[in-house]
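Residue numbers (the working numbering), protein chains in the order written: chain A, 4 to 491; chain B, 137 to 387.
These aren't lab readings, by the way, just hints derived from the structure by calculation.
C-beta: ideal position from N, C-alpha, C; glycine also.
Incorrect hints may appear among the rest.
[To be verified] Listed next, the stretches of chain B that the computed footprint assigns to chain A, with coverage defined by at least 3 CB atoms under 8 angstroms from CB atoms of chain A:
no. : region
1   : 218-226
2   : 238-252
3   : 320-330
[Stated by the list, open to error] Label-pair distances were calculated between CB atoms; the ranges are:
no. : chain 1 : residue 1 : chain 2 : residue 2 : range
4   : B       : Asp361    : A       : Pro323    : 39 to 47 angstroms
5   : B       : Ile214    : A       : Arg356    : 29 to 37 angstroms
6   : B       : Glu163    : A       : Pro387    : 34 to 42 angstroms
7   : A       : Arg388    : B       : Arg148    : 16 to 24 angstroms
8   : A       : Pro387    : B       : Thr213    : 24 to 32 angstroms
9   : B       : Asn273    : A       : Val324    : 38 to 46 angstroms
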Amino acid sequence: MRRVVLLLLLFASAANAQQPVFRWGGDAEGGAPFVEADPNDPSKLRGFDVEVAEQIAKGLGKRPEFVQVSFSDIDQSVQRGDFEIGMSGVEDTPARRRMLAATIPYFEFHEVLTMRAEDQGKFSTLAALRGHRVGTLGGTIAYEKLLSAEKTDGVIVVSYDDDVHPYADLRSGRLDAVLLDNIIAVRSMRRVPGLWTEPKPVATGHYIGVLATGNTALRDRVNEILRARMRDGTLEKIYRKWSIWDAYQPAFFASVLNEQSAKKAVESGAATKQIDVVLRYVPALLRASLITIVLSCAAMALAVFVGVFIASGRVYGSAPVRALLTIYVEVVRGTPVLLQLFVLYYGLSSVIRLPAFIAALLGLGLNYAAYESEIYRGALEAVPRGQLEAARTLGLTESQVLRLVRGPQAFRIALAPMTNDFVALLKDSSLVSVITVIELTKQTSIFAANIGSWVVPGILCAALYLVLSLPLSRLAGRLEDRWRAATE
Amino acid sequence: MSILSITNLRLRRGDREILRGVNASIEPGELVALMGLSGGGKTTVLRCVAALETFEDGDIDVGGVMLRPGPQPPRATIRELRTRVGMVFQLHYLFEHLPVMENVTLAPTNVAHVPRADAEKRALELLETLGVAHRRNALPRELSGGEAQRVAIARAMAMEPPLLLMDEPTASLDPARRGELGETLVQLTASGRTLVVTTHDDDFARDFATRVIILAEGEVVEEGDPRQVLTHPQHEATRRLLQSARKAANG
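The shape of chain A in the complex, shown without the other chains (with noise of 0.2 angstroms):
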């Protein structure tokens, strides 16, 4: 008996605990066929970048472990050591190969414009979409890719933190075109019904590996297998499994196990300087941070006026109106802002189609007067009753004990805690990225992404958020200071 139990654990580690581990990185939201969900069985994955993880443990001799990562954050992660590769449609970028230790190439997609099925032949190049509105997902060659179209072909880039939107946005008519991997577009078709890809490729790039900068041992070990499975065939037929081979991959695999290409990419990648590469991004982010202050300071204004009524309609309005108002500031506050603005984008967008920067202002604006109005509220209720009663013995009507005498001695009262409200929204400001505009943190992290690091992004990012915000905190407390010495 003993025997057996002591077999049994022998044979239980020997399969398990004493293989050693090789954590892999991606993002499962990313999808089929890079990495998604077993529909079977939601604690499987499966996709060809799966079994391409399995290919590289097993020559090294691991049990492959998958460790969950958003895409955007695959290189920040690897570098710190989360884990020891990241793959899950990884692009090929110059950035990632100064910063991380990258693969070889173990796969060759296109860039593809895909639009509505209408439009069909319309767009066959970026220079046919000259003023019109294309989407893409942020951080990509395909984004760079526009952004350079931007400035020959003035096309109009719209830039999203998902795959799937852009699509969806395409269908209803707030894009005109989607540009995006070949592996997406087609995938994204069977999705979305009308739409229509132009087989011609705009670019071409390659999903890669990414390791962090010194594990280059590692790295080249992880090379000779993907070379071993290019020449034996054991890709191939992944691929062809998820059906992702095509025409293009034979002569993509030759000139890789020729090992020229990828030495090439290297040196031009280390061509341009880090410098430039910031120097570049400057006017971007300065650009950025005019939409963040604009935003702000518009959806600020609404929330003022906004606030002002419900908070007016709190104190003086009738029972049903006070209860109208008091349901609109607890949905408002009890539910997150994100939400609100993706209901405003996307959810109104069957009823209404408002252009991304207004349905952002809106969903500021009037989260924003929820709470500016309790502030207001509470202000009003703070101004002692003798003030109300001198005013009204003087003969003023309500209307105007409200206007000359309660709403300015409320306005005092309220100006504190409404600069620090103005501050958060100027923070706050940075969730309308998730609908498409581009304000300072979203040009941030596509700048970060772009670089491989986030040291000089985000030090130049925070630097420009107190440059807007210290002001204004000065400004307010010198308006205070001035009526606290007023009314003390």
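Chain B: place on chain A using the hints.
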């Protein structure tokens, strides 16, 4: 023809009966001192006349404007009442966010629609009469108690109400200031105004009032010539009032 006539005024707040049938009739040009121990209902009477309180029974006739029991009187009645009755609060309640001059001109420009220049000219005259013209640009918080009180009087006078109610104007004043205030009030009555002033100060009442009304536990217990009533009190409540005033003066 009285300018203010209060008949059987009753007011209850919760279980407490605050006024139990107050009767009073006041003639134009009088300076009436309304006296009584704290909690006797003096301030409540003034607040009823200014329509800041609703009451349960009785009525108030301010030169033809009738206030009756029940909820807030109609807006037209209130508007009419405001042209006849002004009020100066014990704590003044100057508008904290406005300088002295604007405190005085706020109602004339917004209610009576007097042009700003005229309103300011009149306000300056009032402030000069009351001796606080030099403080016209100050904010209420920068004023002394006496100054604030005179600004509050100017603010009420700017609307030229025939009847002016003053709640405890002597409370925050030292004896010299009290004399000045008395002279000012006498001048106001000389120009045809009627004043009803609540006070604890029997010397003030003796020196300046034309009549005193003693209120105790929500009723008028005694009234008449101040020298007569306050020198030879007929009612127990009046005697207690004088004792407590003496104690306060000595203590």
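| task | State the violated hints by number, sorted upward, taking the hints as numbered earlier in the document. | result | 3, 4 and 5
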